[in-house]
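There are 2 protein chains.
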Amino acid sequence: MIEVDYRFPPDVDAFRQAKIIAIGQTAGSWDQRFAHRDSQLKKHLAEVVKVDNNVARIRFPVFNTENDIASLLTMIFGKYSMAGSAKVIGVHLPNSYGTRAKFGITGIREKLGIRDRPLIMAIFKPALGLSAADHADILRKVAMNGLDIIKDDEIMGDLAVAPTLDRLLACRRVLDEVQEKTGRTVLYAVNVTGKADQLLTKARLLVQNGANALLLNVLTYGFSVLEALATDPEINVPIFAHPAFAGAMCASEDTGLSYSVVLGTLMAHAGADAVLYPASYGSLPFDPNEENQIKNILRTRNIFPVPSAGIHPGIVPKALADYGQDVILNAGTGIMDHPDGSASGVRAFFEALERVGKPFTLDTLPYGALRRAVEKWGT
Amino acid sequence: MIEVDYRFPPDVDAFRQAKIIAIGQTAGSWDQRFAHRDSQLKKHLAEVVKVDNNVARIRFPVFNTENDIASLLTMIFGKYSMAGSAKVIGVHLPNSYGTRAKFGITGIREKLGIRDRPLIMAIFKPALGLSAADHADILRKVAMNGLDIIKDDEIMGDLAVAPTLDRLLACRRVLDEVQEKTGRTVLYAVNVTGKADQLLTKARLLVQNGANALLLNVLTYGFSVLEALATDPEINVPIFAHPAFAGAMCASEDTGLSYSVVLGTLMAHAGADAVLYPASYGSLPFDPNEENQIKNILRTRNIFPVPSAGIHPGIVPKALADYGQDVILNAGTGIMDHPDGSASGVRAFFEALERVGKPFTLDTLPYGALRRAVEKWGT
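Chain order of the listed sequences is Z and S.
For what it's worth, our numbering labels the leading residue of the first sequence as 126, then goes sequentially.
For what it's worth, our numbering labels the leading residue of the second sequence as 126, then goes sequentially.
Isolated chain Z (complex conformation) (with noise of 0.2 Å):
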């Protein structure tokens, strides 16, 4: 059975409005001349399970639904979606539901062969107008360094300027002279973009042709999508969810859905390996408790949580107290633009994963690349 909790402002009658969902999203109502299909009729229909402070708890039957999150979605928010305002703050699918990721936190620390930290992520910037000679430059200063995993900023498409497929190949020969020279396996999450079918067969020619991780745009390309690639069995590389168009769903107190639903529950049962979404103590306004429901529903599906924007050296000691070792901390210009260079900003996050425990203020920083980090961002 799924089941999802609706909020309703105060003067909503919220009991009325649960049913009017339970009958109306599902097979709606009938008469006298369909009564030789009641059983059948009434299968389909939705059950109010309880309205506490507002906010009710409909049953729907599984189903009604093709075990994805589109159909999940038309289901429980597709017309009522426009009926007025209502939030859904809480989806709760059987662990069967969806898509499960093809690699997750194991399968991406077995690549990577680390076990017993946390994964540094960093970003390309600028985000446009750089070649794609330029991106093997910047992968090669960062991954020499001791980068874990780099991806292209969301924005990034297939343009002229550095079409996808010369990025990945001019990356990719970074990656191989980094294994061969360090034996470390680095992972370049390619944003793959296009319309739906190009999309697929793009990816596919980037695993081909080397790509060893995806970034995808999944609230603009749609969960459809991260779901074919997540069970093309093809596509034998880590997805790397990213949220963008994400708070034109979630931002509002009072319509669309809890940030906690869409990057957490949706993400986790459409097949990501890795979710991004802002940190709390980033540069985005996020609500802690929603960053925390987060982690924990991908952790349960064994998803990398990736707290991302913002993040710079310096939060390091807060993320490992929220996250444990079992998270990947993402830096753009956290890295890029450290006042030595992205080398040193690579290195100012494996100082401050070393100095755990230890005091972390500019007074008792040794000099070196974290001190200089946390001389610009602060602590």
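Honestly, I wouldn't trust all of these hints.
Copies of the same chain are indistinguishable here, so a pair counts whether it falls within one copy or spans any two.
[Stated by the list, open to error] Here are the simulated DSS-like pairs of lysine-lysine, each with C-alpha atoms no more than 30 Å apart in a straight line:
hint, residue 1, residue 2
1, K501, K443
2, K167, K266
3, K227, K327
4, K168, K501
5, K175, K327
6, K144, K501
7, K168, K227
8, K266, K501
9, K501, K167
10, K144, K175
11, K443, K483
12, K168, K266
13, K167, K327
14, K167, K236
15, K327, K168
16, K168, K483
17, K266, K483
18, K483, K501
These are calculated hints, taken from the structure and not from any lab test.
Model the placement of chain S on the given structure of chain Z, informed by the hints.
Only chain S this time, still in chain Z's reference frame:
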């Protein structure tokens, strides 16, 4: 160039936020290390055109995107959607941007051979629980009585109780029967669902098996899926775009996007042939100005507006006054739950169309299907 209007709450410095968007959603900032790339990087920056009444207009380079909706949304409102309160209330695209509908108003009229009146569309009800044979029985009644188009309910997917191909095959026989007996073509917009790859394959299979129209829940499956269908030469049938889930991203005053952007501009540049949306005089709360804008935006690209939800024969005079001829009136229960059955539901709509300019009250209506409809649902 792409121009986007962002509305900010009164307490927000709109100009400052606009600058953040123009830089942060494009190239970002860079330092002297990339000075040699200055001119290339600058080309990708957006610029603030004006700020009026806390609405900022920002102009983005079109080559930052891939001529599709997903890359557009990622750029204009990807990360920034999570940055605080801002609503996208206008998107102005070059005419050449995106995907053109294959059929649109003229193409759908041509298929039906009807040039000079609104089209009448019904929805299978009850929505879930009927068999494929039940669907065929319903279709026979309404199609033999003059209906132009029928569609699946948006929550009817590819379910065991009535698999999509079974529904199509059962209904296709009825469509052929109607064609043979009356010479009339009736369209059945079959709801196409599934993970993106399966959905595209299924759509082709349905067309091969005689589907003469498709229905897509664009916002739960993704604009990239609509664009893939609309550009696929094998999908040589009109695509009806359903607005399910639109409220999740449009219903808030302060966040998300306006309905006219999502159901007007974006649908119109993504290849939909006809777009459903709530009618302001229907059962859902909907702003008449937004409805009017959607209508106008769709028509500039030859796309059929399909006001929906709570449409019944009594609203025909209002609809004709607002819309004139180029509209599809889409009724679910307003046809299926007519007191004398669905055949009378269809006849009531045609009686109403023929009564244009004549009085339309219970005092003046002659006995018949229309009068019975008005007795039940009013005007």
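Comparing the hints with the structure gives:
1. Proximity of K501 and K443 under a CA criterion of 30 Å is satisfied intra-copy only: 18 Å inside one chain copy versus 64 Å between copies.
2. For the homomeric pair K167 and K266, the shortest alpha-carbon distance between copies (24 Å) is at most 30 Å, but the shortest distance inside one copy (63 Å) is not.
3. In this assembly of identical chains, K227 and K327 lie within 30 Å of each other by CA distance both inside one copy and across copies; the values are 19 Å within and 25 Å between.
4. With identical chains, the CA atoms of K168 and K501 are at most 30 Å apart between copies only, with a shortest distance of 29 Å across copies and 61 Å within one.
5. When the C-alpha separation of K175 and K327 is checked against a cutoff of 30 Å, the pair qualifies neither within a copy, at 46 Å, nor between copies, at 38 Å.
6. Proximity of K144 and K501 under a CA criterion of 30 Å is satisfied inter-copy only: 23 Å between copies versus 55 Å inside one chain copy.
7. In the homo-oligomer, the alpha carbons of K168 and K227 never lie at most 30 Å apart, since the shortest distance is 34 Å inside one protomer and 39 Å across protomers.
8. Taking the shortest Cα distances, K266 and K501 sit within 30 Å of each other inside one copy (21 Å), while across copies they are farther apart (74 Å).
9. When the C-alpha separation of K501 and K167 is checked against a cutoff of 30 Å, the pair qualifies only between copies, where the shortest distance is 25 Å, while the shortest distance within a copy is 63 Å.
10. Taking the shortest Cα distances, K144 and K175 sit within 30 Å of each other inside one copy (11 Å), while across copies they are farther apart (47 Å).
11. For a Cα distance limit of 30 Å, the shortest separation of K443 from K483 inside one copy, 13 Å, qualifies, whereas the shortest one across copies, 73 Å, does not.
12. Taking CA atoms no more than 30 Å apart as the test, K168 paired with K266 passes between copies only; the shortest distance there is 26 Å, against 60 Å inside one copy.
13. Within a single copy, K167 and K327 get their C-alpha atoms only as close as 44 Å, which misses the 30 Å cut-off; across copies the closest is 28 Å, which meets it.
14. Within a single copy, K167 and K236 get their C-alpha atoms no closer than 49 Å, and across copies no closer than 38 Å, so neither meets the 30 Å cut-off.
15. Taking the shortest alpha-carbon separations for K327 and K168, only the inter-copy value of 27 Å comes in at or below 30 Å, while the best intra-copy value is 42 Å.
16. Proximity of K168 and K483 under a CA criterion of 30 Å is satisfied in neither setting, with 60 Å inside one chain copy and 46 Å between copies.
17. Taking the shortest Cα distances, K266 and K483 sit within 30 Å of each other inside one copy (28 Å), while across copies they are farther apart (78 Å).
18. For the homomeric pair K483 and K501, the shortest alpha-carbon distance inside one copy (20 Å) is at most 30 Å, but the shortest distance between copies (76 Å) is not.
Checked against the numbered hints above, the structure breaks hints 5, 7, 14, 16 and satisfies the rest.
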